[in-house]
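2 protein chains.
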Amino acid sequence: MNTLKVELGSRSYPILIGEGLLGRRELLGQHVPARDVLVVSNAIVAPLYLDAVSESLRPRRVVEAVLPDGEAHKTLANVARLLDVLVANRFGRDCAVIALGGGVVGDMAGFAAACYQRGVSYAQVPTTLLAQVDSSVGGKTGVNHPAGKNLIGAFHQPSVVLTDTRTLATLPARELRAGLAEVIKYGLICDAAFFGWLETHLDELLAGDPAALAHVIRRSCEIKAEIVGRDEREQADRALLNLGHTFGHAVESATGYTQWLHGEAVGAGLLMAAAMSCECGLLSESEVARIRRLIGRSGLPEKIEGVTPQAALEHMRMDKKVQGGRIRLVLLRKIGDAFVTADYAEAALSRTLQAHFG
Amino acid sequence: MNTLKVELGSRSYPILIGEGLLGRRELLGQHVPARDVLVVSNAIVAPLYLDAVSESLRPRRVVEAVLPDGEAHKTLANVARLLDVLVANRFGRDCAVIALGGGVVGDMAGFAAACYQRGVSYAQVPTTLLAQVDSSVGGKTGVNHPAGKNLIGAFHQPSVVLTDTRTLATLPARELRAGLAEVIKYGLICDAAFFGWLETHLDELLAGDPAALAHVIRRSCEIKAEIVGRDEREQADRALLNLGHTFGHAVESATGYTQWLHGEAVGAGLLMAAAMSCECGLLSESEVARIRRLIGRSGLPEKIEGVTPQAALEHMRMDKKVQGGRIRLVLLRKIGDAFVTADYAEAALSRTLQAHFG
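Chains as they are written, first to last, in the numbering used here: chain A, 844 to 1201; chain B, 844 to 1201.
Treat the hints as calculated values from the structure; they're not laboratory data.
All figures in this text were calculated on a predicted structure; none of them were measured in a lab.
A few of these clues could be false.
The list treats identical chains as one, so a pair stands whether inside a single copy or across any two.
Unchecked claim - With a Cα cut of at most 25 Å, we get these calculated SDA-like pairs of lysine to any residue:
1. K848 x R1062
2. K1177 x R904
3. K1164 x G863
4. K1164 x R878
5. K1146 x A923
6. K1164 x L847
7. K1164 x P1152
8. K1164 x R904
9. K1164 x D927
10. K1164 x S1193
11. K1177 x L891
12. K1146 x T1101
13. K1177 x E1128
14. K1164 x A997
15. K1146 x S1193
16. K1164 x F998
17. K1146 x I887
18. K1164 x G1039
19. K1146 x G863
20. K1164 x S853
21. K1164 x N932
22. K1164 x V928
23. K1164 x L1083
24. K848 x P1152
25. K848 x C1121
26. K1164 x E907
27. K1146 x P876
Take the sequences, apply the hints, and build the full model.
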């Protein structure tokens, strides 16, 4: 088992990564001392792991809530349902919530925990690659609004992130590829060597090789923990983690959160961020080609259909990085060197959108 | 103008108290630098002050939202409506929300600000005595759940509290009396001299004397700012501010939030906390009589009808101070000396509820 730590003073917490951790029933119990626990999962993950998790928490009082699967269900109405479950079971401020599933489950369970009684404790048990490398770490919780991704939410740090890499054995290939987009993102923003490692070992990752997957989970969490520890509330550097996301969120919200997995949209967003960086004269064409090759080999979709450039731009305007009405973007100087800027030519953005949308 | 400060490090903020502050249009502008502002008010307050506040914010972009009046409307559904307004107007993370009204408006506008884009800035402009002495200070935001008061919410500190004492001139007598309950609470928990002052000056307060009201607002805010500065998230001493509230919240939720003003329920709750403290052999009967006399003179209702002791107890079990299934109560050793305890005889609580409910 690997243990990393997110250093946030009194809100610090460990990330435990290892094979078969869900079978070690003492682990979850140790980090979730509450006597009343709500385990939140979804219709796909629950049949696979919910019994084991609930069982490992006995003799605590365990209540289970199973949400529908998918980004389209990440709504305030569903968080309200979780709050109703907490209230109906008369859970106190000393209860805990456990998120067992992917990013959607984690974001909603975490937001419910943030709001219930003005904040109760919660634990992340991510079962998708995307959640294991990204969304379970850092305390961003929330839901989508029809007009924009993650517009409603809270910063609320979990008490532990418990990643059992064995859960990836049951992960559909499409979900695995979506998770790889966030992994590639880490290489692009600050670790060129890691990007190179991904180029070399991509086939092992796509084949589900446990050692290769464990490596990318660990390295991704290291990078994320370090950045979040420096800038919990995204006043500065944390925005780098949004590379590809301003474009990607527009893809998701413009298509009603029903067609694209978040990671898939991020993959397309990374391509657009690279193209835009090239348009701005920052990134070389050869590096753009390297990025395009790796994302293509990952099996991530590149073609965005049914969304006009104008519609995409409208959705980008709802991005949380907008400041003074101006869309701020994360761009690349080279692979491994990202930065946030509002200083770019509108024409470059237009050309990028024209090339990828519609 | 009096200026107090809530000391919370990077989240510190001033409380400005004075007559006619809403007429000094530079004040609000100075503390609300955002260019996009949502002013939230209710159907009673809006016709009186909304135009003046919106006007003082020009040439900013000002959007107004008017909520229905009353505790029964402090719901997640209404906060969702405020979030829709923010989204529909494409407000960014650099926007601000202004709460113009009483505690219900302040709690909902503050919670919307806490959740929108994971937190935007907001200002409190309280127009009721209760909001001016209590709810506008300290960053507790949220909504009611049918099963329990304030069960859903967030700690989110405002950027400024701007209290124009002249707004009390338009406050209905019933609302003024409700606010006095929270004022009396401060004397009870930690300031016997202030309690004595209230006994002497109550008639002036009830007559709406500006100097007397300004004094109680200032002193109440001093006490609250000091306690919140010590314990922002109610890990310890802040719970003292809940004297009378565990009982009072049960009155409110058991009656569907429609019959009692919050302050009225707190008044009844203070009586029950005093009676319970006496039952436990802590508080003398003569002090209970003093408390009963002051609350009676304030014109606060003492009779709770239509709620059985059993129903009241059920609602008390949803209190946020419940720990390990045990209801913690704020009790009095004497006037000016409150403490939090779970160490009391169940029989004492039963007798207290029997004497006041049903």
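**Asked** Can you name, in rising order, the numbers of the hints this structure does not satisfy?
**Response** Hints 2, 3, 5, 6, 11, 17, 18, 19, 24, 25, 27 contradicted; others consistent.
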